[in-house]
Amino acid sequence: MNQKLQLSASRRRWAILFVTPMLIILAFVAGWPLLLTIYYSFTDASLSNLAAAEFVGFSNYLSSITLPNGRTLTFGLLADAAWWQAVWNTLRFAFVSVAFETVFGTVIALVLNRKFAGRGVVRAAVLIPWAIPTVVSAKMWGWMLNDQFGIINDVLLNLHLISTPIAWTASPDTAMIAVLIVDIWKTTPFMALLVLAGLQMIPGDIYEAAYIDGVSPLKVFWRITLPLVRPALMVAVIFRLLDALRIFDLIYILTPNNEQTQTMSVFAQQNLFAFDKFAYGSAASTLLFLVVALITIAYIRIGRINIGKGA
Amino acid sequence: MPRLIKQVAFYALVAFIVLQSVFPFYYAALTSMKSGTALFRVNYLPVDFNLSNYMAVLGNGTFPRNILNSVFVATVVVLISLLLAVTAAYALARIQFRGRGLLLLTILSVSMFPQIAVLAGLFEVIRAIGLYNSLWSLVLAYMIFTLPFTVWVLTTFMRDLPVEIEEAAIVDGASPWTIVTRVFLPLMWPALVTTGLLAFIHAWNEFLFALTFISNDDLRTVPVAIALLSGATEFEVPWGNIMAASVIVTVPLIALVLIFQRKIISGLTAGGVKG
Amino acid sequence: MKSLLAGCTISGAALALSLLASTAARADEISIVTGLVGNDLGLLQEQLKSFEDKTGHTVKVVSLPPSSSDQFSQYRLWLAAGNPDIDVYRTDVVWAPQLADQFIDLTPYTEDVIDEYFPSTIRSQTVDGKLVALPWYATIPGLYYRTDLLERYGKDVPKTWDEMTTTAREIMDAERADGNASMWGFLFQGAPYEGLTCDGLEWLVSSGGGNIVEADGEISVNNPNAAAALERAKSWIGTISPPGTLSYKEEDTRGIWQLGNAVFMRNWPYAYALGEQDDSAIKGKFDVAPLPAGENGESAATLGGFNLAVSKYSEHPDAAVELVKYLTSPEAQKYRVMYNSNAPTAVALYEDPEVQAKQPFALRWEDSLETAVSRPSNVTKSKYNEVSSLFWTAAYNTLSGNGSAQDNLEELELKLYQLRGNGW
Chain Y
4 MNQKLQLSAS RRRWAILFVT PMLIILAFVA GWPLLLTIYY SFTDASLSNL
54 AAAEFVGFSN YLSSITLPNG RTLTFGLLAD AAWWQAVWNT LRFAFVSVAF
104 ETVFGTVIAL VLNRKFAGRG VVRAAVLIPW AIPTVVSAKM WGWMLNDQFG
154 IINDVLLNLH LISTPIAWTA SPDTAMIAVL IVDIWKTTPF MALLVLAGLQ
204 MIPGDIYEAA YIDGVSPLKV FWRITLPLVR PALMVAVIFR LLDALRIFDL
254 IYILTPNNEQ TQTMSVFAQQ NLFAFDKFAY GSAASTLLFL VVALITIAYI
304 RIGRINIGKG A
Chain A
209 MPRLIKQVAF YALVAFIVLQ SVFPFYYAAL TSMKSGTALF RVNYLPVDFN
259 LSNYMAVLGN GTFPRNILNS VFVATVVVLI SLLLAVTAAY ALARIQFRGR
309 GLLLLTILSV SMFPQIAVLA GLFEVIRAIG LYNSLWSLVL AYMIFTLPFT
359 VWVLTTFMRD LPVEIEEAAI VDGASPWTIV TRVFLPLMWP ALVTTGLLAF
409 IHAWNEFLFA LTFISNDDLR TVPVAIALLS GATEFEVPWG NIMAASVIVT
459 VPLIALVLIF QRKIISGLTA GGVKG
Chain S
4 MKSLLAGCTI SGAALALSLL ASTAARADEI SIVTGLVGND LGLLQEQLKS
54 FEDKTGHTVK VVSLPPSSSD QFSQYRLWLA AGNPDIDVYR TDVVWAPQLA
104 DQFIDLTPYT EDVIDEYFPS TIRSQTVDGK LVALPWYATI PGLYYRTDLL
154 ERYGKDVPKT WDEMTTTARE IMDAERADGN ASMWGFLFQG APYEGLTCDG
204 LEWLVSSGGG NIVEADGEIS VNNPNAAAAL ERAKSWIGTI SPPGTLSYKE
254 EDTRGIWQLG NAVFMRNWPY AYALGEQDDS AIKGKFDVAP LPAGENGESA
304 ATLGGFNLAV SKYSEHPDAA VELVKYLTSP EAQKYRVMYN SNAPTAVALY
354 EDPEVQAKQP FALRWEDSLE TAVSRPSNVT KSKYNEVSSL FWTAAYNTLS
404 GNGSAQDNLE ELELKLYQLR GNGW
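As given, the protein sequences belong to chains Y, A and S, one line each in that order.
At position 151 of the first sequence the residue is numbered 154 (this note's numbering), and the sequence of numbers has no breaks.
At position 231 of the second sequence the residue is numbered 439 (this note's numbering), and the sequence of numbers has no breaks.
At position 157 of the third sequence the residue is numbered 160 (this note's numbering), and the sequence of numbers has no breaks.
No lab work stands behind these hints: they were computed from the structure.
Hints may contain errors.
[Stated by the list, open to error] Here are the simulated SDA-like pairs of lysine to any residue, each with C-alpha atoms no more than 25 Å apart in a straight line:
1) S:Lys133 to Y:Leu53
2) Y:Lys118 to A:Asn251
3) S:Lys237 to Y:Glu262
4) A:Lys214 to Y:Asp208
5) S:Lys252 to Y:Val158
6) A:Lys214 to Y:Phe119
7) S:Lys418 to Y:Gly73
8) S:Lys337 to S:Thr110
[Claimed, not checked] So, partial list: chain S residues that the calculated Cβ filter (under 8 Å) puts toward chain A:
9) Ala83
10) Ala218
11) Gly426
Backbone N, C-alpha and C fix where the C-beta goes; we use that ideal spot for every residue, glycine too.
Next up, chain Y with everything else stripped away, as it sits in the complex (with noise of 0.2 Å):
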């Protein structure tokens, strides 16, 4: 670290005004809300009638009680099947949709970072699949993947590819990949462009030198790019999987109420709003950001991403 920049405390006190606004308008936003839902989480809350909500420890959570025959019985969302069965399905789909939207996100990005003609347009064409609301590109996707009238079918068959329609979105062996389709042809944009940025911040002369020492392009990417451009690319890769974790509705459009699909926010979703269960469903929300607080502890780790040392 350079003696130069010893830190004065008229730096420091300029870092506290720099953070102090952000910080408030997030607590006021996230802060509030999360605590209250925690606290709910811990009580017997109903919708129908919050202010009457009593605390009841963890019960929501795990819970038993023992029958006079002396079989114990389990509750909560610990011993609930269809939770295990939520998270499980969350973690297969945000690691196969993430790994997918990095490695088609980077290759799009390489291909943009290069000159060639037209090369603005079909920037602005990738763009396209996260351009549009998820709300329609749910609903598009579910339209084209139809087995009667969808068109992806029809290629399908006129390729010969298969040779019955497949009803992609109905079938439980194939809701899952219905929805990674559309989440990775949905967001691998913004992956792409993250990593687009990143590439565009790598000085382009280092890339002359190493053109002039005639460097195979793949060692070039290898030793050179992916190395510079790795600091945007994990956070991209943070940013993507936080979302994944926590997907909601393009899986409530495309197979809503799927048991193969399900996902934990669908789950609390379900308890907090159509099951008269706030309680249980806060429960939920709460479990499920200690297990993406776990995840994504576990993956600065081991992607040593730094965030605390500074330049």
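For chain Y, the structure is supplied; the task is to place chains A and S on it using the hints.
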């Protein structure tokens, strides 16, 4: 010869990328020109050129107004988030103080909570401060996802800029505010525009909050307005209108990308920052 | 409006104004949320206009997307927050018991008019003696069938599920052999959602398989008749019904039907008017009959429909009740029924010559209104949505080949016992 093959392969890849991105949109545009029973038939090329769905959407009284609402909300959200995030990111990336890592994690943790769970609590907050049924409620609510995102991305990019670029300014006794606006902003354009664009689209497309916090039709934003487009009867889904509306609202975003093109790509040269 | 006028009584003009206002009783501003769309919404707005002219109140319509599960979530949220901004809610028949605590009791306001409605529709909205909402209109599903195809192959309209299955199969096979490869026999709603609960309940009741949960709270769903009914439905998937049925809601089935690609369809009355549109491939070639019956039961149709309720948090309950009574009055119902095919809930309209002349289709369901099957929402109260979700999951699992009907019903029974606990 191998060079030619490489060229062809490259353009084939470009063509594939464009095709997969645009095809669903193209299909939507195709659908938007159909009506009635024709909607249920598969076509690959336009069969008729019928703009009645567009007329129906734009003539439906509030839709043009809804687009303006979305433009307003998304623009204000992005401007405020970028302003707050750039300064915060400078503090988090370039000023050494204790608890920086913890602070960054706390900010990120806001993005770990399911939006659906925040809804009820946030609704109470919005009502308590009298913003229910006002576009400002959305401006405030959208900070919940734009702020963590912009702060994190900008912090990452700012941290990677070489130390030397602010050295001279510090020696000259410039204040951090001056350093942010004069030294960093010009270098950060690609990152700022990219994060701004992504945050803009995110805010533009948000549905759940917009549905819950607004009750007047002329204050609705675009995704809700599209969801409210309806067929003549309860179960009928007005595919033609929905697709027309989607095409209409996607065009401004494409225009936005085309306008900010150069900024995304400006970029640095190592010589420019004396790396 | 009231406070506004009270605030400026100093000026003479305002004084005159307030005098004017007082002659029109109290002019309140109320809000109604209906989730109605399209033509129905236009119709409502016309009616609100005449209500405004008549009473001096002003009414604001808060719009919501047509998906009824979205509406329910929004209602829950608004009511939980004690939102006074919305006075009148349009509710689905099965919501009354779930939201009963948050609506006012309409009994004292409606003593004079209660006899004008079908008793069954009033019963469905009465929870523990409290009249939660006034019935607005009912919807009763039927068996849509292709008159031209039945005639060509010399078949009668099926009375039982087995007849329906055989006829559907025969005509479908013959049509396909004739080159119509995309022909299907029977369309129904098989996606896991409330619609499947309606379809499934019809299969159960018509086969003597019970009501899932009986009126006395007994959990009856695990029985051989019910299992047989579900197994029969499973046998349709991939044979006479498209495999995609497992993701179909009303509109998906109507799409295929209206292209002329099915012999039979189970659907609500809305599909009638749309099928008669000019660009429909089946215009003039179809009709609707009661749903088929099973061996041990009679034809059963699930009661659907909508009602109007007044929020407990309304600041203008009197004006709100006035609006609800106005919209559900026989006159207002008559105005509506002239334009759509939903069944009115006012008894008088079934004898009305004008309605009989203009909308015979809507009046076909008079008998069904008393016999239609109610989903077990009144007995399971606030747990109904979960009961329904468990039931459609069991039905869906059976249809998609994930376990036999018997296994799935056994599991369902267990879950329902657990959900019931010490009582519904």
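Against the structure, the hints come out as follows:
1. S:Lys133 to Y:Leu53: At roughly 22 Å apart (the allowed maximum being 25 Å), Leu53 of chain Y and Lys133 of chain S satisfy the hint.
2. Y:Lys118 to A:Asn251: Given that 25 Å is the threshold and the Cα spacing comes to 35 Å, the pair is violated.
3. S:Lys237 to Y:Glu262: 18 Å, holds
4. A:Lys214 to Y:Asp208: 24 Å, holds
5. S:Lys252 to Y:Val158: Roughly 24 Å separates the two Cα atoms, so the pair holds.
6. A:Lys214 to Y:Phe119: 13 Å, holds
7. S:Lys418 to Y:Gly73: 21 Å, holds
8. S:Lys337 to S:Thr110: At roughly 23 Å apart (the allowed maximum being 25 Å), Thr110 of chain S and Lys337 of chain S satisfy the hint.
9. Ala83: This interface hint holds because 7 Å falls under the 8 Å limit.
10. Ala218: 29 Å, violated
11. Gly426: 28 Å, violated
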